[in-house]
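Heads up: the protein sequence lines correspond to chains Z and W, in order.
According to the working numbering, the first sequence is numbered sequentially starting from 1.
According to the working numbering, the second sequence is numbered sequentially starting from 1.
Everything labelled a hint here was simulated from the structure, so no lab data went into it.
It should be emphasised that the depicted structure is a prediction, and the values quoted were computed from it without experimental measurement.
Note that CB positions come from ideal geometry on N, CA and C, so glycine has one too.
Check the hints yourself; a few may be wrong.
[Stated by the list, open to error] Straight-line C-alpha distance at most 25 angstroms; calculated DSS-like pairs for lysine-lysine: (1) K416(W) to K5(Z); (2) K91(W) to K51(W); (3) K91(W) to K107(W); (4) K82(W) to K11(W); (5) K257(W) to K286(W); (6) K18(Z) to K5(Z); (7) K82(Z) to K110(W); (8) K78(Z) to K11(W); (9) K78(Z) to K91(W); (10) K82(Z) to K82(W); (11) K11(W) to K18(Z); (12) K107(W) to K4(W); (13) K460(W) to K383(W); (14) K78(Z) to K286(W); (15) K82(Z) to K91(W).
[What the hints assert, rightly or not] Label-pair ranges, simulated between beta-carbon atoms: (16) L419(W) to Q13(Z): 38 to 46 angstroms; (17) G366(W) to Q60(Z): 43 to 51 angstroms; (18) N95(W) to Q60(Z): 29 to 37 angstroms; (19) T20(Z) to S364(W): 15 to 23 angstroms; (20) D22(Z) to E473(W): 34 to 42 angstroms; (21) S480(W) to P91(Z): 23 to 31 angstroms; (22) Q42(Z) to T472(W): 42 to 50 angstroms.
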Amino acid sequence: MAFDKSEVSKVAQLARIKITSDEIEEVESRITEILHLIDQMQSVDTDSIEPMSHPFGGTQILRSDTITEENNRDELQKIAPKVENGLFLVPKVIE
Amino acid sequence: MLEKTVAELSKALRSQEVSSVELTQAYLEKIAAVNERLNTYITTCDELALKQASKADQLIADGNQNPLLGIPIAHKDIFCTKNIKTTCGSKMLENFVSPYDATIVSKLNKAGAVTLGKTNMDEFAMGSSNETSYFGSVKNPWDTSKVPGGSSGGSAAAVAADLCAIATGTDTGGSIRQPASFCGVTGLKPSYGRVSRWGMIAFASSLDQAGPISKSAEDAAILMNVIAGPDNLDSTSSRTPVVDYTLNLNDSLYGLKIGVPKQHFTEGLSADVEESIRLSLKEFEKLGASITQVDLPNNHLSVPAYYVVAPAEASANLSRYDGVRYGFRCDNPIDLEDMYMRTRSEGFGSEVKRRIMIGTYALSAGYYDAYYQKAQKIRRLIKNDFDAAFETVDVIVGPTSPHTAFSLGATTDPVKMYLEDIYTIAVNLAGLPGISIPTGFGGNLPIGMQIIGKEFAEAKLLNVAHQYQQVTEWHKSKPSENFGE
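Same shape as in the complex, but just chain Z (with noise of 0.2 angstroms):
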C-alpha cells in the first residue's frame, strides 16, 4: 500500500503530531519501510483463522457495583500543568 506525504499529514493530523515541512520526508520513508515490513503478513492465507486478541482468552471479571474510589481531585490535580478552582485549565475553546 502506498504512503505517500498526503497520507503522512493525515495520519499526523489524526494523531495530533506536528510534523514539520522538514520532516516529511524522512517520516515517510521510515514509515514506508515499516510497512514493507508489515506486508510480509500478506504473504499468508489466513482467512479462515480466527483472530486472537487476547493469550488465553480472557473473560471480563465482575465485581459487585459498590463505589471502590475515593475523591482524590486535590491530589490528583497538584500533578497538573494548569488548575483553576478546582478545575483543569485549557486555552479557551468556547468563544
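Given the structure of chain Z, go ahead and fit chain W onto it with the hints provided.
Leaving out everything else, chain W in the frame of chain Z:
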C-alpha cells in the same frame, strides 16, 4: 558483598553479617561513583532508601523471615512510584510524580525491599538498545562502547554492574530478555497476566508484562513469589493459582524434553552465539534431558504482526498525553488544538511518534482488516505453532538474540532494529513465559540463551535455568571494574 545474590544477601542480613543500612549505603555509594559513566539510573532516592533500610533492620532484628526484607532493589522507571519521579524515559513525563504506587511496587515495599532508585529505559519502552531514552543511552557495563539492550537496559546494566541486588523490568517484545542477554544476567518474562500491570505505564496492553532481572534463576524465583498473582486493579491479571516458585528449583532434569526450533538457528545468527547455545544443549543432555527439533513455521511473521499490534495499542494508550491532566505541556499554546499538537510533538521522541503514527494508520478507516485484524490472525497462527510444539516437548530452547551487544549508534534503521527481537517477539504474541540466562561470551560480551515454556510454566523455566546454573558459572562472571574501557 555487592556482587552477591539476593539468596546470599538474605542470609547475610539474617546472620547480621551486614545490616540493610550498610548494604544500601554501599550500593548508593557505588551508584554515585559510576552512574555518570553507565547512566543506568534516572533517579536515585538515597534518603527514602536509607529510611526503608533502617526499618528493615528493625524487622530483621524482630525475626521477620521475608527473603526480600532489606534487599536493595531498582525499579524500571516505567513503574509508578509515589513520592519518586516516574519518567518512562520521556520528556513527556520528565517531572511526573505519580499519586500512587504500581501494584508490583507496593507488593515489594510490603515485602520490605529497599528502593534504590529508578532505572533508565527506552522512551515508553519502545526500543531494543536504550538509545531512545530522553535521558541518554545506558552503557553496557561489559564494554561502554556497546548498548545494554532494551528497553529494560538500565535494570539489566544495574544488575550486571552490581548497582543493585535485583531489579524489575517489563517485556513487550523482548525488553527483559534481550537486555539480560546483552548484560550477562538472568531475566524472566512471565506469562501474560501473571504479574499485575496496574501502575505500569502502558505501551501495548495485550503484550506488556513485568518480571525480574536478577543475578540467578533462584533470585528471579524469590522475586516472583512476591510479585505474581491476581490483582483486582488489573482485570487482565490471571486468576490461575500461583505456585511457590522456589519449591521445584532443585528438581532433576532427567527425562526433560527440550525442543530446539530450527527457525531460531537460521541465517542471521552469529557463529559465536550458535556455538554457545549448542554447548549449553550438551550440558542439558548431561543433566538427563533429551533434545529434539521443533518447528515454528510462522516465526518469521512475528515481527511484522508485532509492528501492527504493538503500535496500534500504543497509539490508543499514548493518546492520554495531551498536556491537560499531567506531564508536559508546551509553552503558550494559542488554542486547544495547538496545545495538543505541540505538547505531543515536543514531548515525544521520534521513535515514539513513529510508532504512534503507524498504529494510527493501521487502525484508521479502511485499513483495519488489512492490518490489525490480519495481525491478530497471524498471532493465532503463532500461538498454534507453540501449542503444537508443546505437545511433544516440555520447554523450547534457543538463542535470546542473534548476536552479542552491538555498538552504540550503529543501528539507525528502525526496521533493522526491529529485527533484533526476532527470537523473543513471538513469545509475547503467544502470551508465554520466557527466560534468558547467560551461557558464555563472544569476545568479552555475554551471550544469552532463551528458554520458553507453556503458559504459566514459570516454575519449570526457573527449575531448568537453576539446574543449568548449578553446573555452569556463566551467571557468576562479572564485568571488569573499569567496564571494559
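Going through the numbered hints above, which ones does this structure break? Give me the numbers in ascending order.
2, 3, 4, 7, 8, 11, 14, 16, 17, 20, 21
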